[in-house]
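Chains as they are written, first to last, in my numbering: chain A, 11 to 270; chain G, 680 to 735; chain D, 5 to 187.
FYI, nobody ran anything at the bench for these hints, they're computed from the structure.
Accuracy of the hints is not assured; some may be wrong.
[What the hints assert, rightly or not] Partner residues aside, some chain A positions facing chain D, computed with beta carbon under 10 Å: (1) ASP51; (2) HIS98; (3) THR131; (4) THR141; (5) ARG157; (6) LEU174.
The C-beta atom is built at its ideal place from N, Cα and C for all residues, glycine as well.
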Amino acid sequence: MPESMDDSKMTATPLTRVLGILGIVAGVLMAVLGLFISPPDVVQGEAVRMLYLHVPSIWIAYGSFVLTSVSSLLFLVRSRRREDGGRHYDRLAGSAAEVGVVFTGLTLITGMLWGKVTWGTYWQWDARLTTTVLLFVTYLGYLALRRLPADPIVRGRRAAVMALISFINVPIVHYSVDWWRTLHQKASLSVGRRPEITGEMYWTLLYSALTVTIVGAWLIVHRYRVIRLEEIRDEENLKMLISSRGHERPTGSAADGEVS
Amino acid sequence: MSEVATVAIGWGLTFVVIATYSFWVVRRGRTIGRELGIGEVQQSGQEQESDLSADT
Amino acid sequence: MDLTPRHEIEETEDVRQLIHRRRRWAILAISVLLIAAVAFVTAQGLRNATLFFRNVDEAIDQRADLGTSRFRIQGRVIPSSVQGEAGVTTFQIVHECAVAAVRHTGDPPELFESPWIPVVLEGRWVEGESKTVAGADSHYFRSDRMLVKHTNEYASANEGRVSEKPPAGFLDDCSFEVPVDSS
Numbered sequence: 011m012p013e014s015m016d017d018s019k020m021t022a023t024p025l026t027r028v029l030g031i032l033g034i035v036a037g038v039l040m041a042v043l044g045l046f047i048s049p050p051d052v053v054q055g056e057a058v059r060m061l062y063l064h065v066p067s068i069w070i071a072y073g074s075f076v077l078t079s080v081s082s083l084l085f086l087v088r089s090r091r092r093e094d095g096g097r098h099y100d101r102l103a104g105s106a107a108e109v110g111v112v113f114t115g116l117t118l119i120t121g122m123l124w125g126k127v128t129w130g131t132y133w134q135w136d137a138r139l140t141t142t143v144l145l146f147v148t149y150l151g152y153l154a155l156r157r158l159p160a161d162p163i164v165r166g167r168r169a170a171v172m173a174l175i176s177f178i179n180v181p182i183v184h185y186s187v188d189w190w191r192t193l194h195q196k197a198s199l200s201v202g203r204r205p206e207i208t209g210e211m212y213w214t215l216l217y218s219a220l221t222v223t224i225v226g227a228w229l230i231v232h233r234y235r236v237i238r239l240e241e242i243r244d245e246e247n248l249k250m251l252i253s254s255r256g257h258e259r260p261t262g263s264a265a266d267g268e269v270s
Numbered sequence: 680m681s682e683v684a685t686v687a688i689g690w691g692l693t694f695v696v697i698a699t700y701s702f703w704v705v706r707r708g709r710t711i712g713r714e715l716g717i718g719e720v721q722q723s724g725q726e727q728e729s730d731l732s733a734d735t
Numbered sequence: 005m006d007l008t009p010r011h012e013i014e015e016t017e018d019v020r021q022l023i024h025r026r027r028r029w030a031i032l033a034i035s036v037l038l039i040a041a042v043a044f045v046t047a048q049g050l051r052n053a054t055l056f057f058r059n060v061d062e063a064i065d066q067r068a069d070l071g072t073s074r075f076r077i078q079g080r081v082i083p084s085s086v087q088g089e090a091g092v093t094t095f096q097i098v099h100e101c102a103v104a105a106v107r108h109t110g111d112p113p114e115l116f117e118s119p120w121i122p123v124v125l126e127g128r129w130v131e132g133e134s135k136t137v138a139g140a141d142s143h144y145f146r147s148d149r150m151l152v153k154h155t156n157e158y159a160s161a162n163e164g165r166v167s168e169k170p171p172a173g174f175l176d177d178c179s180f181e182v183p184v185d186s187s
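My request is simple: use the sequences and hints to build the entire structure.
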């Protein structure tokens, strides 16, 4: 089946394939560690296993949004010199933001489930939960802005500005539990404070974070390549439309022959 | 809802969401690539391949 | 996607605009939805987030101002004070050595059983004699909503049992003694 083999190579390279396999293996091991080997909590019982999903998810979301901001900044600088000025930064910003939104969504879902069994409610409008849902919505808006049709450089610059504005909320989300009174507990791990978490759980948490990082990296790389493909397609479509102007034959199926 | 059921739903949902998203990304890449005929290009020449992979 | 032009197109700019117009309404709809969502979330946040709860000591200090208005109160449950009958649970909560008697209607969350668990209760002050470990009080807190505010401390259930003692230092400066739960 040579054809399907070609297809499967579409956005993969040997390196990302290794990363992908590593991600799957690490994910399986994460499930074994998180669900079976790590102990139940003395107060929360089995519910503590939500920790290994919830906390790494938001860490990766934070990381993705940092990547989005840095790339956006670099794009703003580079795109001043026009000719394809640093569009790979724009792509990286977009792919990282999308992955960040997925993991923020997962943080919210796992948090709600966890909240139901520990707090006794799915949702409360406390500072942490409110700012997190705001984070989710603003980056959704960022992704929507990226779809707004415009000249690629103009669109990229617009999106980059929005990315930088949206990022202001990231530290607010993180420190909301210190700045305001929240139902949500304080940060699980923070610099300069002894973690109040027993060894086995601590290592399972760190391992889960590593796993989610691998999966997130794989996703960002692939999404990046798909964005590149989307750009190529859009350019091809545009070229086609312009060239069909001269032919004056309104057939939609002319595409096949003209692309290559 | 019991603790165990919540944990099962949470983990199940997370893995399903990530798997679905990954699958969607890969499939979208394939679909667009096929539209553009890039699969063939990869066989005959290295131009598109390097364009797609060397950026990162 | 069918991008075949329906009209004769003269300039590249026209082509661009044609593509753009089709997606514009969708983008507009999404933007309106997102702005509405942000406005809603911000409104909710401003109303609730800044003062999500009052600690027991503050709630007692502000009792005159609070009157019969509804608010959230936070404190740790004194294990030996918990009594339950027919859907009503009575207990005492403590924070900064201030103690409030609570009369809660409804099923408490599962983790309420855990000794010295911090809880957030929704309800109001009600006039009525009550006795607490700190002495007599003229009011008690009538609550109909209980949330457990669990901490960021995690310990293996295999290693230790739940401690019946209050967290280290929590009651050190208090003038009263808390009886140890015999059960």
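Okay, the hints, checked on the actual structure:
Interface hint at ASP51 (chain A): satisfied, since its Cβ lies 5 Å from the closest Cβ of chain D, which is below the 10 Å cut-off. Hint on HIS98 (chain A) is violated. Least Cβ distance to chain D is approximately 23 Å, over the 10 Å limit. With a least beta-carbon distance of about 6 Å to chain D, the hint placing THR131 (chain A) at the interface is held under the 10 Å criterion. At about 7 Å, the closest approach between the beta carbon of THR141 (chain A) and any beta carbon in chain D falls short of 10 Å, and the interface hint on this residue holds.
About 7 Å separates the beta-carbon of ARG157 (chain A) from the nearest beta-carbon of chain D, less than 10 Å, and the hint is met. Checking LEU174 (chain A) against chain D: minimum C-beta separation of about 17 Å lies over 10 Å; hint violated.
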